[in-house]
Amino acid sequence: MGSYSVFALVKNAFSHHAGWERAWRDAAPKAEYDVVIIGAGGHGLATAYYLAKEHGITNVAVIEKGWLGGGNTGRNTTIIRSNYLWDESAALYEKSLQLYEGLSQDLNYNIMFSQRGVLNLAHNLSDVREAQRRTNALRLNGIDSEWLDAEGVREFCPILDISRTARYPVLGGTLQRRGGTARHDAVAWGLARAASARGVDIIQNCEVTGIRRAGGKVVGVETAKGFIGAKKVGIVTAGHSSVLAQMAGFRLPIESHPLQALVSEPVKPVIDCVVMSNAVHVYVSQSDKGELVIGAGIDTFTGYGQRGSFHMIEHQMGALLELFPVFSRLRMLRQWGGIVDVCPDASPIISKTPVDNLFINCGWGTGGFKATPGSGFVFAHTIATGEPHPLNAPFALDRFTTGHLIDEHGAAAVAH
Amino acid sequence: MAEFRNSSGGRIDRARPLTFRFNGKRYQGFSGDTLASALLANGVHLVGRSFKYHRPRGIVTAGAEEPNALVQLETGGYFEPNLRATQVELYDGLTASSQNAWPSVDFDIGAINGFFSKLFVAGFYYKTFMHPRSFWMRVYEPIIRRAAAGARAPSEADPDTYDKMHAHCDVLVAGAGPAGLMAALEAAKAGARVIVADEQAEFGGSLLGETSGIDGIPAAQWVEKMRADLAAFPEVRLLPRTTVTGYYDHNYLIMAERKTDHLGRGMGGVRQRLWKVRAKRVVLATGAHERPLVFADNDRPGIMLAGAARAYVNRYGVKPGNTGVVFTNNDSAYEAAIDLAKTGCRIEAIIDVRPQATGAMAQKARAAGLRIICGAAIAGVEGAKRVKAVEIAPLSSDGETVGGPVKRIECDFVAVSGGWTPAVHLLSQSGGKLRFDEAKACFVPNVSVQAETSAGACNGTLFLEGALEEGAKAGRAAVEAVGLMPAQESALPKVETVEAAPIHALWIVPGKKPVGHGKAKHFVDAQNDVTAADIMLASREGYRSVEHLKRYTTTGMGTDQGKTSNVNALAILSRTLSSPIPSVGTTTFRPPYTPVTYGTLAGRDVGELSDVARVTPMHGWHVARGAVFEDVGQWKRPWYYPKDGESLREAVNRECLAVRNGVGILDASTLGKIDIQGPDAAEFLNRVYTNAWSKLGIGRCRYGIMCKEDGMVFDDGVTTRLGENHFLMTTTTGNAAAVLDRLEDYLQTEWPDLKVYLTSVTEHWATASIAGPKARELVGELAPDLDLSNDAFPFMSMKEATVAGLAARIYRISFTGELSYEINVPAYQGMALWEAIFAAGETHGLTPYGTETMHVLRAEKGFIIVGQETDGTVTPFDLGMDWIVSTKKPDFVGKRSFSRPDTARTDRKQLVGLLTEDPEEVLPEGAQITADADGTPPMPMLGHVTSSYWSATLGRSIAMALIADGGNRQDTTVHAPLGVKTLACKVVKPVFFDSEGARLNG
Amino acid sequence: MADAMMTADAGERAGALSRLFQGGEASTTAGPLTLSEMPVPGQINLRGNPSDAAFAEAVAKVLGCRLPVAANTVEKGGDFSLLWLGPDEWLVLTAPGAEAELSAGLVEALAGQHFAITDVTGNRALFRLSGTPAREVLAKGCSLDLHPSRFATGQCAQTLLARSGIILSQVDDAPSYDILPRRSFAEYTWRWLEDAMAEYR
Amino acid sequence: MLLIECPWCGPRDEIEFAYGGEAHIARPADPSKLSDAEWAEFLFFRSNPKGAHRERWVHAAGCRRWFNVERDTVSYRISRVYTGACEPVGEGQ
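Chains as they are written, first to last, in the working numbering: chain A, 1 to 416; chain B, 1 to 1002; chain C, 1 to 201; chain D, 1 to 93.
It should be emphasised that the hints constitute simulated quantities derived from the structure, not laboratory data. One should not assume that every hint holds.
[What the hints assert, rightly or not] Some chain A residues judged to face chain B by a derived CB distance under 10 Å, without partners named:
hint : residue
1    : Asn12
2    : Gln98
3    : Leu99
4    : Gln105
5    : Ala192
6    : Phe227
[Claimed, not checked] In silico DSS-like cross-links for lysine-lysine, where the CA-CA straight-line distance does not exceed 30 Å:
hint : chain 1 : residue 1 : chain 2 : residue 2
7    : B       : Lys280    : B       : Lys433
8    : B       : Lys708    : B       : Lys695
9    : B       : Lys755    : B       : Lys909
10   : D       : Lys33     : B       : Lys889
11   : B       : Lys755    : D       : Lys33
12   : B       : Lys433    : B       : Lys407
13   : B       : Lys909    : A       : Lys11
14   : B       : Lys708    : D       : Lys33
15   : B       : Lys989    : B       : Lys909
16   : B       : Lys25     : A       : Lys11
17   : B       : Lys708    : B       : Lys888
18   : D       : Lys50     : B       : Lys888
19   : A       : Lys225    : A       : Lys95
20   : B       : Lys25     : A       : Lys268
Because the structure is a prediction, the values reported are computed rather than measured. Ideal placement from N, C-alpha and C gives every residue a C-beta, glycine not left out.
Generate coordinates for the entire structure from the input sequences, incorporating the hints supplied.
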């Protein structure tokens, strides 16, 4: 595979760009693989990539119902941060953030990871208390996080309205400077390209219709392109996790909800960080193209329709203008929805399952994108060794039975 | 009169001239103009620069689909970017400027990018800017960000107001062109409630630029007659300047109405209105968009769509130029050519890619004296800021190459048609499915999912007669579907129909060099500078799903969302992959159809109305007393009452001491209150609280904790038995609604056999909580008839009495640890009570205190606050409140969860008291606690400080914390590493003051 | 002196907007529209099983009108309005001050049955919005279909007006509507209505 | 914005309602008899089907009654609204 660089770009310009190779091979399914990953979203592709890179397992297929990166990977608001409250979460997301920091170079694909800082606003005394708690916990976990008072918030993001007369005035905020955004599609494409280069087969337009088991063990998957044998299978199908689990004969503590997002028409740089507010319920950043990328909470009902209800958008816009009155004359260009798996404790499941050699990675709720490389890294370990990596051991399915939940809900009304 | 304005014709009002400024220059237009038509009338074609290469760009369309002519309007608070000049109605004094050009649109430094265009191919940024790593954030990205996007962002607050309106109808007709008007009239005649919305200032759609007649009268007159007929029906609502922009589930549609934009800025009133429509049936009559042909340098100013050129000359009386060439693959451009020639443009030739032109339209054109060159194409364009000439060459029979003699034709405009794309956006948003119609070379509606019908051009019916017929049919079908009787069928309006020759799809028009070679560019998405070569490159690299293609090349992702480019892009992909268009797929359209301002979406949910601010009946008093308020959920609660410039701490110290040593008063009206009645009321409480309720005496109060089924604390409060079958429950302020919802859920769905009724009385009662050693004295004065002795009125009991002349309930309960009476009167007497208490309290030094003082006082007593000591992961046992969990009751909500392995652990995080070794140091709330004094991260943590205050009463700091195995750490030392310093603390029981409770019992 | 100040006037009932209007009349107009806060009516929440004849009869006897069992309807008794709130819940609106006696009457008549009578006079404020565009003003924040064929005089609903829950009832064909927000939401609801009315000035 | 037919008040916009998750998960009569795994099933595990779903809604801004809705989780179409706490699953599909 040719390496990407400015030199390659110049060289190809002279041959009318006819020389560029396929970013990833279009593979036809083999009869059997050591590992089949169901779902070519960011997490699935990362799992395949790290299986190959870290564990030397390259006889791997990633099977995708539609086009790779077309689920939540291509629909999220691209926020990356690791400022989670509980030790278990912080460690997992921090691993991911660290992998992101070198991912463009590792993949030789510019994912445009932009560490412009993530600011979480506090609007009432309870928010402030919570923010302080989180900042202290992160600091002692060795993760960057700082508390800014209202003036500090204004300095960091001058167009925020911090006036005391606002309905919910900004009392301060926590800032993770290493947080930011990345180009979501590029993460999927870069992982696909790098995994493919290491021998992983990526099979698109191939829906899995069944999970074949024998003697309590998984032996392969039924697909639109026929049966594909597998020694091990990993399910990484955010949104559809329950559907796949049902194929394998078990249930999950998950509900699938619509999550909506929208972008504005592009404008010149106006906000140079990610701003999130749980209390007024909105988060916003500006893409490299200039669009304001805006999201909020999930729709309350379950749904696989990739559509939510319009009142969510209305509320979100009220909240946005409460924080940024100058955005009033900007316009919504496009809105869309994804399907998010929500766990009762707003933490993911990266786990063995009741079926031997079948593994599942799901339940990321609204916050999976930021975990993409970390999730793939630990899931690859879990599949390769049959046992969880220390980072994902707390995120096993049995926590719902023991009661050892990792409840990020209390910590964030909107968990991202 | 401007140079390119005809002296007659069109729908503009020549008696009403308007002046406007564009890029600093003054121009004149007329009422009825758009900014685009007025610019063209003045010969201004160069209006902007393109996104990536900064190529000069002109006006391409006459409507919502415009990819190029984006402008910034006005200044200051009225500044607005990214407006399409083709949709901006001209008003006097309008000021607009080009985007993405510096220093000017005429001389734009950014055009230097054009020299590097060979590097700036699709996705180039994914392949570079990676080294050195630190340069991405410091160098590359800032450059990319600054270069991206043409428009400035607004920098001032918006002075305008916005409105929303709900509407309900039997039939919503989207689009008031020929099909829409027919549908609306049929629906109206049947007596239906009808809404007709159209994005333009006038109804008529395509008919506004039509020269032929309907029913023997000019089309525009027919439109006016239809409009007037419709307006006469009382149940018909006509909404011009209203774009149906979103189609959601359950036939819920969003419309954006522009109310004053056409009048100028600063008009007052409502600027824009969002309509939220629930329609029983929808008729989509949204028309079609013409698409360009993809030929070499097809983006030069002066090159526009044929239908647009026709609209400018017919509707606005504006010639797009003096000398033109028409380039087409279908018949519709012939009509444009005829009309342009008729109104004073010289049409040098109609270049038709089809091998022959023998159809009726061609004959009509020939009859009008027009020259037709068949089987040919434009192979090259001269001119950068304005087209100067085109080069015409014969097309090979397969359409893949041009060859033979090149003919140069000088011209100052080119009218192009690549066929029509039905505007299926709303259908697609509704979930409807499309199919590709090979004969018409476009996607047409195929399957409806919601209650809608497409009619006319948006249904692929691209001729007037058919549109009228389909519209009428759709209107009749719609009323039938809602159970109304359609009116008697009447004859369809008569129109002249010229049979059209078939379109010849030619998705890439070959140039002199292969696509992607040489300097010429075949633009597909003009706004995002995506060329045919980019699409071919993406396909070569494996970005072959339509979505990959869009995302990799950004085609169709601009402010126009690819209205004129999506089908061309898809077709070029299909051609590159050698697979038919239907198997390559189509993209789904997402709302909105055209962009909607955030102001409109927020409506009046801004400023003080951005959320409810709930206030108590005594709120005015608190405001007058200078209280600082705390937001608790939606409530405004007095936080503290600073006196003479006191700080928070000074005020709270004073308030605390006043309560401990004298008497204070708190407005406690915000607590949730639920009236519980019925023979099973006590049993119900037994099931929802962790403790037992059956034996509570009438008139007595008891504290209770409520868990969720997972065993975690959900809420707490005091409940009083008012009668054998009658209780009053109080809840926390923030949880009042959630508790009632949960209780109703249990009653209605789990235990419907229980005879219990719940009624919220939160708002009925105003509550004044009087606390302190002098409370009895003060209450005694206010309620002289009440025996306040401990025996007659003990702690945790309730009495009804007259207080200050008002019938009141008095609860002797305490959250401060002091002798305390909570006096409740109906809300409408709350202020009267409060003022009476103060009148009497003056001599007792009565001090109002806020929530902060309440928090300090309760912390001194070790009382918890749900949501502060708890966070959804804390059981009553964790709080050290084993005593409140009944071991005798067989079941209650949450009980089962206590015995789960993790929940039953004895080393869970448990509530403790903390005393800093240095009594002057107040731990910050949220500080983490460690076993080790060495605070070098990373380090294991035991838990965190939940509450922490300076206690004026004790003259030192106090804190509560949840720490692992807290119960076994009594009297040990733990540490709070704060970064700048580490504070050592002793673990104590979480009670700091009057642990025997002598005062509240006293 | 002290005694006089200590004793509030039990008969006087403060409106929910007394803070905003400082003792003046809470009323505003915009063109053909009038919005006023009405004197706080007596409010009794009534719960019981309407299919139990004994319950329905006892209520009818005390109130002098039928219990409305059709959803979203209002029955008028002498001085009372009886609003349907749910399948087993009603709101009785009485003349100011008449609620105590009426409650007592109901409690007495229903003795021995399973019911709930709760004085909720303080729970809600009562606004009246009147004038031709009133329907349109409400439509700005209320998603109910208020077309006369769907919602007419004599009908009521519990619904939302912008961000406030309300009880809405049409009282005449002017049209006039009674709007009852929870008391702590009254200032918000009032301000919202004033803002929504502004364009008719 | 879904349009939900409250069995008591009639059709109302979704914002008047609150969602209550999967229907027909009765609280066990005697939780103490359940194993930890069974209790976890009750607390947390859901079928979360893609397609027909029986779910609970409450008319929070209206009559405050809980009821059940059968809704397709893909098309969001509501096929049935009914009251009753424990209608057996499988009926009416």
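Hint-by-hint comparison with the structure:
{"no.": "1", "hint": "Asn12", "in the structure": "holds (8 Å)"}
{"no.": "2", "hint": "Gln98", "in the structure": "violated (13 Å)"}
{"no.": "3", "hint": "Leu99", "in the structure": "violated (14 Å)"}
{"no.": "4", "hint": "Gln105", "in the structure": "holds (6 Å)"}
{"no.": "5", "hint": "Ala192", "in the structure": "holds (9 Å)"}
{"no.": "6", "hint": "Phe227", "in the structure": "violated (25 Å)"}
{"no.": "7", "hint": "B:Lys280 - B:Lys433", "in the structure": "holds (20 Å)"}
{"no.": "8", "hint": "B:Lys708 - B:Lys695", "in the structure": "holds (24 Å)"}
{"no.": "9", "hint": "B:Lys755 - B:Lys909", "in the structure": "violated (39 Å)"}
{"no.": "10", "hint": "D:Lys33 - B:Lys889", "in the structure": "holds (15 Å)"}
{"no.": "11", "hint": "B:Lys755 - D:Lys33", "in the structure": "holds (27 Å)"}
{"no.": "12", "hint": "B:Lys433 - B:Lys407", "in the structure": "violated (44 Å)"}
{"no.": "13", "hint": "B:Lys909 - A:Lys11", "in the structure": "violated (62 Å)"}
{"no.": "14", "hint": "B:Lys708 - D:Lys33", "in the structure": "holds (19 Å)"}
{"no.": "15", "hint": "B:Lys989 - B:Lys909", "in the structure": "holds (14 Å)"}
{"no.": "16", "hint": "B:Lys25 - A:Lys11", "in the structure": "violated (45 Å)"}
{"no.": "17", "hint": "B:Lys708 - B:Lys888", "in the structure": "holds (19 Å)"}
{"no.": "18", "hint": "D:Lys50 - B:Lys888", "in the structure": "violated (43 Å)"}
{"no.": "19", "hint": "A:Lys225 - A:Lys95", "in the structure": "violated (36 Å)"}
{"no.": "20", "hint": "B:Lys25 - A:Lys268", "in the structure": "holds (24 Å)"}
Checked against the numbered hints above, the structure violates hints 2, 3, 6, 9, 12, 13, 16, 18, 19; every other hint is satisfied.
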